[in-house]
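**Q** With the sequences and hints as input, model every part of the structure.
Mapping of the sequence shown onto the numbering used here: residues 3 to 211, in sequence order.
Worth flagging that the hints you see were computed from the coordinates, not collected in a lab. Be aware that a few hints might be false.
Pairwise CB distance ranges, derived in the manner of DEER restraints [claimed, not checked]:
1) 150 / 82: 30 to 36 Å
2) 21 / 144: 17 to 23 Å
3) 31 / 4: 34 to 40 Å
4) 186 / 25: 40 to 46 Å
None of these values were measured; they are calculated from a predicted model. Quick reminder that beta carbons are idealized off the backbone N, C-alpha and C, glycines included.
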Amino acid sequence: MKKLYWLWWAAFALAAFLTSPAPTGESLKLFGNLAIGNYWDFNPALIAEWNAIGVLWLAFGATIWHERETGLPHGGWFLLGAFFFGAMALLPYYALRRDDYVLEAPQTQVARVLDHPALGWFLALAGAGLLGLGIFVGDWPAFVDLARRESFVYVMSIDICLLTLLLPLAAVRADMRRRGCWNAGRFAAYAAIPVVGPMFYLARRPPLA
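**A** So this is what it looks like as structure tokens:
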């Protein structure tokens, strides 16, 4: 799997720099409006994708934050990098993380929140709502046209695809094994539903405390 993560990282980098549309002033304006929440007249598909990345980021945090003895700096630094660079920052973490890392019981309020089932339920509901918004309300032909014209949307679309694959394969699967709740059938069920499935795992996993 680790070789696959490096392959994804290289493919993402090549796609971002070689195949994405040329940056325009509109891309910067689009990013600025999304960043401050000024997007209510935007395509619902774009709104859903932007916010789903935030949901996925929190889900990664709910697993990475507790990992220790990984052979790397604290995962929180990679999580911070992912806030700005998405999968480009997380893929090296999972590719280099030691296989015999351990989980630490929550020692801080932040760790307790990230380990609490309520966070998983919140993310599951948020993810389901965003999927519904994007699928049933979004204008997908217009979204595809925008992604072909704007490098920001193009790269963000690749990023969310990688994050959606990486969450069950690298985060959920390892977390299930470390917590002693591994079950191949349940893992397949969690992984089968994009975005929402892994959130149900976070809501139902046994606590570390």
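**Q** Each of the hints needs a verdict: does it hold here or not?
**A** Results of checking the hints against the structure:
no.: 1; hint: 150 / 82: 30 to 36 Å; result: holds (31 Å)
no.: 2; hint: 21 / 144: 17 to 23 Å; result: holds (21 Å)
no.: 3; hint: 31 / 4: 34 to 40 Å; result: holds (39 Å)
no.: 4; hint: 186 / 25: 40 to 46 Å; result: holds (44 Å)
Hint compliance for this structure: every hint is met.
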